[in-house]
Amino acid sequence: MEAFLHQVFSGLANGCIYGSVALALVMIYQATHHLNFAQGEMATFSTFIAWALIQRGWPYWAAFALTVGLSFAAGLLIQRIILRPIERAPVLTNVIVFIGLLVIFNSLAGWLFDHTVKAFPSPFPQNSILATRWFSAHEMGSFLVMMAVLALLYAFFRFTPVGLAMRAAALNPESARLVGIRVSWMLAMGWGLAAAIGAIAGMMVAPSVFLDPNMMAGILLYGFAAALLGGIDNPLAAVAGGLIVGVLENLLGAYVIGTELKLTVALVLIVGTLTLRPNGLFGKQVVTRV
Amino acid sequence: MAEAALLEVRDLDAFYGPTQVLHGVGFRLERGRITAILGANGAGKTTTLRAICRMVRASGSIRVDGQDVLGRSTEDVVRLGVAHVPDGRGTFGALSVEENLRLGAHVRHDKAAVAADLQRAYERFPRLAERRRQQAGTLSGGEQQMLAISRALMLRPKLLLLDEPSFGLAPKIVAEIFRILRTINEAEQVSMLLVEQNARLALDLAHDAYLLETGRVQLAGSSAALQADEAVRKAYLGI
Amino acid sequence: MNDLAARSALTPPRRRHGLGWWLAIAAVAVALVLLPFLVKNYRVFQFNLVLVYAIAVLGLNMLTGYNGQISLGHGAFYAIGGYAAAVLMERAGLPYGATLPVAALLCFVLGFLMGFPALRLGGHYLALATLALALAVPQLLKHKAIEGWTGGVQGIVLTKPEPPFTLRLFGQSLNADRWLYFVTLAVGALMFLLAWNLLRGRVGRALIAIRDHPIAAAAMGINLPLYKSLTFGVSAAFTGVAGALGAVVVAFVSPDSYGSFLSITILVGVVIGGLASIPGAIFGAIFIQYVPNLADEISKSAPWAIYGIFLIVFMYLMPGGVMGILRKAWARWRVGAAAAPPSPAAPQGEHRP
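Protein chains in written order, with my numbering: chain A, 1 to 290; chain B, 1001 to 1239; chain C, 2001 to 2353.
Quick caveat, the hints were computed from the structure, so don't treat them as lab data.
Which residues of chain B face chain A? A few of them, derived with a C-beta cut under 8 Å, are:
1. Glu1075
2. His1084
3. Phe1092
4. Ala1094
5. Leu1095
Computed footprint of chain C on chain A, listed as stretches where at least three residues anywhere in the stretch have a Cβ under 8 Å from a Cβ of chain C:
6. 91 to 98
7. 101 to 112
8. 265 to 271
From the three backbone atoms N, C-alpha and C, an ideal C-beta is built for every residue, glycine too.
Let the hints inform the model, and build the full structure from the sequences given.
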């Protein structure tokens, strides 16, 4: 029983990471109706930046803050410069550009920081007050960080004028323009936020899985699955989806199938669920008029 | 020398892709007046409003308060004081009534005045006050129209563009809305450009009117003049 | 309607091909036959890969380009085809020619079955499902239970078939690679012909209708589930055949050579070549074979970054792929030619503007 609970809680901790990646994906999807396949590699690259700063002696939280800021700026610039010209292009054109971004970031990370696996520090000391019977200090710490991020985002979108404008721009760009909202800047900010969230997720997961250019590949896939499981339109459901995927992964790996095939089986289960509920577990039934 | 009109449109051509929809359209809207654009389906009325808001490709000359509009984006035209109530209302269905209204004041920075305007909107349309936290998409057609108009007024616009406000609404609601439009025009001097298929309603409310047919201005004059015109009476007023 | 006709590759102008046309075809055929003897072995190997990829890209194009179902999992069918060939040749002793139909049939059935969940899932959901497939297959291939057949992580080494006769041209002999070139060329030509036959006319138009206006297509009596599943099956079969050929060309299969990146590469080939285009598959294959090498020459340290830049620039300059550009150029050339008075012998019947 103890082992079972441990798997569940550990799964929840991982699930937080998957949920944040899913959140970043959904945020971009809501605004642009595109899935950013490069999200994982961008997050990895950000984590490398943080690593490099820490190597040069920067204190953890200073490096964290600067990395988040730089990631926000980079996401914003990528949208403005690279993606805006193809906003109205067909889906597959955008998909190929995302793939291009993916390989560029992956390759640059390998080139600038080489391919050896690196340790990334956790800001939550092992024996601190955060450590409990069920969660390690880092697991609890990263859980709290992700919750804080979610709370901040919620407050931002709900209570600030810019947040309201961003929601409006995503819901109905034409009407948003008619009240004077600069929709393209809202899209760029959405990208910036998604990049920042990705960076935070990367920095939270790196201590456990170690840092190398391919760190986020599997995580992105889980994030993708979590976003779809939650119903691609729903940020909170995406986070919930992440938690479900995290727990599922651990339980499958421990009790059903062993670690090699757990990715496969998890994905098959998710696909099966989607076949039964094509709009995700929490998604709305979308009715299209003929 | 007459003062410059609030809205001056000259030689306006508008295009949807390669198709030309407006041909050399020209008209004026004087400050404080209500001007109607009439015509049948497909005459180009909505396109005219969309051209003013830079939502379609257009050439010619459009000036608001002397400032050229054609070189600007939609968001910048709004900042000139032009508020557009589009056909289909354009409300943000997933947001609350109050959020919709706040968005109307997006470009304004005078918080206290915005709060006062919000109060005024609720006083003018008590039904919106009752539903302020409700999702806008759950409102009835008439309430959504009230919301759309109120949102536009939150800009404190110089010029209010209205695209078929009567569309799909019961006559009683339409009468109420038009009555309120007249009040707003008289009490607050808001100039209005009204596009309507319902010629009778439009001519009752407006001071001046232009008749569009297949993208060209066929007739222009005061409402009274158009109401008396034989052709208009037969074709558009059903008299 | 204008737009659909203009975009469709399936209403070619009906004109009787004159002598010049056939002479050109003959010249190309002769060139293709002589080509492997004019270059070094390594180049022949690369040509073989291009031909193999072209068949794979053609397969995916049928599903994604013509029918609008996005698949990120065709690497799985390529892998299955490859392993089918390897197992049949090395474990069961079958001649390589016999492995092709088996690979085709096996992948057709799997693809057809894949078509059923695909019916419920659209767009991104389908992309995820097919990606899951692409990841699952290599992992399953590594699994201990079937290691006896599949060789586990080590994979299987294949013996390249020797040519059945000797020949020397331009000082080069007909070796295994050159023989494989002719085999893949012949199979490729057959597959392209098959695809062309399948896709022109009603079937092709039905697929495009399903892609662009599924509700209207269904309302007009097209059996959507059947067409979509069959398309999945046929598309998988093509890619499976490519995989079988590829296994022989490379003479090696292993689970790690069929990672998810392969699926993405095939999709890149489809988009670069041009959606809903048969000849586009060749351009797509050339891109995915040679551009990584080119990127490697430009930057040894970050070649994939260069590749990524190429991808992005391509999408800016040629959103319709290579065939998109060629079609536009062709159309413009025709407008110019049409301005001249037609010769009395030229038949009429022009469909395209």
